[in-house]
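These are the residues of each chain, in order.
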Amino acid sequence: MDKVRLSLSILTIVIIAVPILGIVITYRNNPQDLFIPPEINEITTNLFGSNGSGESWLQTPTLVGPIEYDHATRSATFTFEFKNSFPVGVTINSLSGYVECAAHGVPLGTATLKEPVMMGSGETKTLSIVATWTDVALSHFQSLHPGENTISIDFVDIAVNAGGLNIQSNETIRIDDVPIA
Amino acid sequence: MAVFQRVNWFGFAGGITTIIVVFVSMLYPWWQLTVGELFKTNASPVNTNFGLLGTAFTIPFIWALNVVSLLMLVSSGIVMMIYSIIPTKTYSKNLLNFSYTKPLFSVVFFVVGLFAVTLILQAVLSINVPLVGSATVTLPESLTQGLNVSLLLSAGFQWPFWVGVTAAALCVAAKLYHKRIS
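Sequences listed follow chains A and B, in order. The first sequence begins at 1 in our numbering and counts up one residue at a time. The second sequence begins at 1 in our numbering and counts up one residue at a time.
It is possible that some hints are incorrect.
Some, not all, of what chain A presents toward chain B, calculated at C-beta under 8 Å [to be verified]:
#1 Leu8
#2 Ile23
#3 Asp33
#4 Glu39
#5 Val88
#6 Ile92
#7 Gln168
Note that these hints are calculated values from the structure, not bench results. Using N, Cα and C, we set each Cβ at its ideal position, and we do this for glycine too.
Taking the hints into account, I'd like the entire structure generated from these sequences.
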């Protein structure tokens with residue numbers, strides 16, 4: 001029956017043509033939105049730029065409170081405050097980096113996140129980062145910082161594992177008045 | 001009883017399975033890609049959506065293709081069921097030829113499409129997205145403002161994909177069985 005075949009052929013053409021033509025006509029004034037929806041630009045703006053509330057989703061943690069030094073373990077504990085501006089919860093599984101003397105560039109030890117931190121959307125939490133001085137660091141303090149109680153340090157090669165992402169930053173974070181004795 | 005002997009049961013099962021595939025695929029993806037807690041892709045021939053940093057969105061052109069696929073599969077399933085209970089009519093072969101290819105093409109085009117997208121991502125952005133399993137990829141620095149960002153990608157076909165494969169296989173079997181009953 002040619003009528004059946006013809007009907008099915010017309011049905012096939014209609015099924016293919018109507019949605020495609022419909023969407024193309026709908027987006028005729030903004031053809032790029034056909035493939036890159038506005039949500040993508042919105043997310044990019046919020047991530048790297050400024051969102052509606054005037055702040056970016058990516059924010060640098062702020063050092064808060066005094067830096068505690070433990071003589072027994074030769075470690076300094078830094079407390080950072082960080083707001084999760086992402087619209088989803090994020091777990092910071094690890095954060096690590098190297099500590100260098102800001103004045104001489106001498107490696108002093110490693111710094112790591114004390115424990116993983118789970119942060120809900122919009123939540124602000126404190127992150128405790130512990131830096132442990134090596135023997136080289138102690139020698140450096142005695143030889144080039146005799147009599148000083150504090151020095152300036154640089155956090156370098158900071159690596160963060162959060163939300164399934166590993167982020168390695170080339171940025172250096174300088175912290176002044178770090179106790180060494 | 002003679003009527004039931006004339007029914008193309010492969011076609012009937014294929015038609016019902018095709019309709020089931022459509023409904024299931026609206027709710028559950030055929031293939032899923034996750035990037036940690038931040039990004040998720042749910043893909044099927046009838047419903048493809050993305051979730052990035054808590055924002056869900058679709059790509060309009062892919063949405064239109066999904067609608068095409070949905071209508072194709074629904075019409076295919078209905079026509080296949082009609083054919084299967086009257087497989088010996090003169091026009092039945094037209095019904096069969098219309099309906100048996102659609103689920104098969106859905107599966108083939110879906111897999112070929114996924115494969116093509118992964119090849120394009122590899123060629124353009126040097127991002128190796130696995131079709132199945134996990135992989136760690138490093139994003140190009142041009143996308144990350146100089147940061148070195150690596151991601152753990154996990155991807156895999158979900159059970160609705162295999163229901164789709166079953167529907168396609170039953171429809172092909174209906175085509176082969178048609179030669180015996182016509």
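Cross-check of the supplied hints:
no.: 1; hint: Leu8; in the structure: holds, 4 Å
no.: 2; hint: Ile23; in the structure: holds, 4 Å
no.: 3; hint: Asp33; in the structure: holds, 7 Å
no.: 4; hint: Glu39; in the structure: holds, 4 Å
no.: 5; hint: Val88; in the structure: holds, 4 Å
no.: 6; hint: Ile92; in the structure: violated, 11 Å
no.: 7; hint: Gln168; in the structure: holds, 4 Å
Consistency with the previously given hints fails for number 6 only.
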